[in-house]
Amino acid sequence: MFAQLFGQYLLSCGIVSAAELQLGMEAQRHTRPKIGVMAVSEGYMTPDQVAIVHQEQTRVDRRFGEIAVDLGYLSEEQVNAMLAMQLPEHIALGQALIDQEVMNYEDLSFALKQYREANELPIDRLEMIVNGDTDALVEMVISAGAMVGKEAIQYIALFARNVVRFIDSEATLEPVKKDTVTYDWIASQPLMNSNGDVRQTAIGGSRQSMLQLASLFAQETIEETNEWFIASVGEFLNLHNGIYLVNLSDSGKELRMGPQNVDAGSRVAPQIPSYIAARIRGTSFEVDLLVPDLSDLPN
Amino acid sequence: MSDLTILLCDDSMLIRKKLRNTLAERGLYNVFEAADGEEAVRVFEAEQPDITFLDIVMPVKDGLQALKEMKQIRSSAYVVIASSVGTQSNIIEALKSGANDFLQKPISANDVTRMIQKMLQEGAIG
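For the record, the sequence lines run as chains A and B.
Mapping to our numbering: the first sequence position 70 is 70, numbers consecutive.
Quick note: to get our numbering, add 299 to the position in the second sequence (first position is 1).
No lab work stands behind these hints, which were simulated from the structure alone.
Please note that the accuracy of each hint is not assured.
[Stated by the list, open to error] Derived lysine-lysine pairs resembling BS3-like cross-links, with alpha carbons at most 25 Å apart:
hint: 1; chain 1: B; residue 1: Lys395; chain 2: A; residue 2: Lys113
hint: 2; chain 1: B; residue 1: Lys370; chain 2: B; residue 2: Lys417
hint: 3; chain 1: B; residue 1: Lys417; chain 2: B; residue 2: Lys404
hint: 4; chain 1: B; residue 1: Lys316; chain 2: B; residue 2: Lys360
hint: 5; chain 1: A; residue 1: Lys113; chain 2: B; residue 2: Lys404
hint: 6; chain 1: B; residue 1: Lys316; chain 2: A; residue 2: Lys253
hint: 7; chain 1: B; residue 1: Lys370; chain 2: A; residue 2: Lys253
hint: 8; chain 1: B; residue 1: Lys395; chain 2: A; residue 2: Lys253
[To be verified] Covered stretches of chain B, going by a simulated chain A footprint (3 or more residues, C-beta under 8 Å):
hint: 9; region: 352-366
hint: 10; region: 396-405
C-beta atoms are modelled at their ideal positions from N, C-alpha and C, and glycine is treated no differently.
Whenever a hint applies, use it, and build me the whole structure from the sequences.
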């Protein structure tokens with residue numbers, strides 16, 4: 001997700017034009033890693049140090065990494081680690097923009113720093129969820145008895161992070177047995193591939209819990225299951241699925257999603273025949289996330 | 300700036316309400332709304348907005364198709380795609396179709412202000 005959001009940030013701040021970003025994003029697919037760009041992106045070197053190494057390369061026929069190590073800017077371990085690293089997408093975008101002379105090293109360093117500050121997330125809390133949820137997720141998959149791929153696990157972990165980020169910073173994740181699920185209200189949204197294969201994703205819960213979820217996301221009190229309730233619950237699922245698709249896009253998998261639905265009195269099983277469920281428990285609500293097997297939904 | 304005409308296209312009335320409130324706080328009241336892509340194109344043609352915020356996933360007609368039709372109606376239209384689906388293919392298609400910017404949801408008040416200021420700086424009104 002970082003590459004897309006970083007690209008949007010560059011565009012929104014006027015650092016690159018729409019045409020330059022378009023060219024950069026298309027070029028990044030074919031971009032080969034350069035140690036200088038990676039070192040600046042990782043914070044190992046400053047743009048001035050990169051310029052010094054480049055200057056040195058005009059005098060001597062040696063590789064960037066070798067000179068940087070000699071000058072004490074990088075350790076050999078750092079060079080080897082960067083050479084072995086798959087080029088992260090946001091660095092590839094930065095490098096493509098540098099190659100096209102849209103940005104220089106200083107611009108990239110500054111933009112990355114600004115972007116990280118502008119989008120700072122509650123890292124401690126996120127790490128706690130990510131680190132803490134592993135056992136629960138494994139247990140959940142085993143108890144559901146389902147053959148699910150890593151896509152569904154990633155989907156649930158992302159959902160937990162989005163609940164923490166947008167709704168309730170104290171929310172926790174736990175397994176739920178699928179044979180017990182019926183709900184007062186359910187929000188659903190289809191994910192689709194280019195072949196027209198469809199998988200339904202959903203959030204379900206009691207009337208009171210779903211009202212709480214809607215109120216917390218809308219940041220205003222919603223006491224009735226009215227059009228505002230429907231708009232808020234639906235938009236949260238829509239937001240989460242959008243972020244999930246952006247993450248997938250980073251790994252080369254492109255899916256689409258359809259409009260969301262919010263319905264009363266829905267039973268899940270007939271609508272979502274193959275799924276696992278995870279319960280998200282907040283301070284004032286508990287809802288279940290219902291996830292289909294996403295591993296058999298190719299591009 | 301207070302006489303700017305703004306079009307908000309999103310199937311979520313919650314998003315439209317929040318954006319409308321944000322604009323009102325900045326003294327911007329000439330705001331029109333559309334809840335699907337077809338309505339978006341119709342209101343766009345009728346009201347000739349200075350800036351349009353356009354969601355992608357909408358019923359009837361999606362935002363990328365609506366964008367293409369808006370650009371056919373008025374190629375100088377200033378359109379910001381505001382979507383939760385900032386995938387590589389969507390961004391590239393939006394930019395190719397003439398979108399002036401792309402915002403990943405959730406959209407903050409600062410995002411909206413920044414987009415309007417950017418449009419004014421680029422002298423892209425009308």
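Each hint tested on the structure:
no. : hint                   : in the structure
1   : Lys395(B) to Lys113(A) : violated, 28 Å
2   : Lys370(B) to Lys417(B) : holds, 19 Å
3   : Lys417(B) to Lys404(B) : holds, 18 Å
4   : Lys316(B) to Lys360(B) : holds, 21 Å
5   : Lys113(A) to Lys404(B) : holds, 21 Å
6   : Lys316(B) to Lys253(A) : violated, 33 Å
7   : Lys370(B) to Lys253(A) : violated, 29 Å
8   : Lys395(B) to Lys253(A) : holds, 21 Å
9   : 352-366                : holds (count 3)
10  : 396-405                : holds (count 8)
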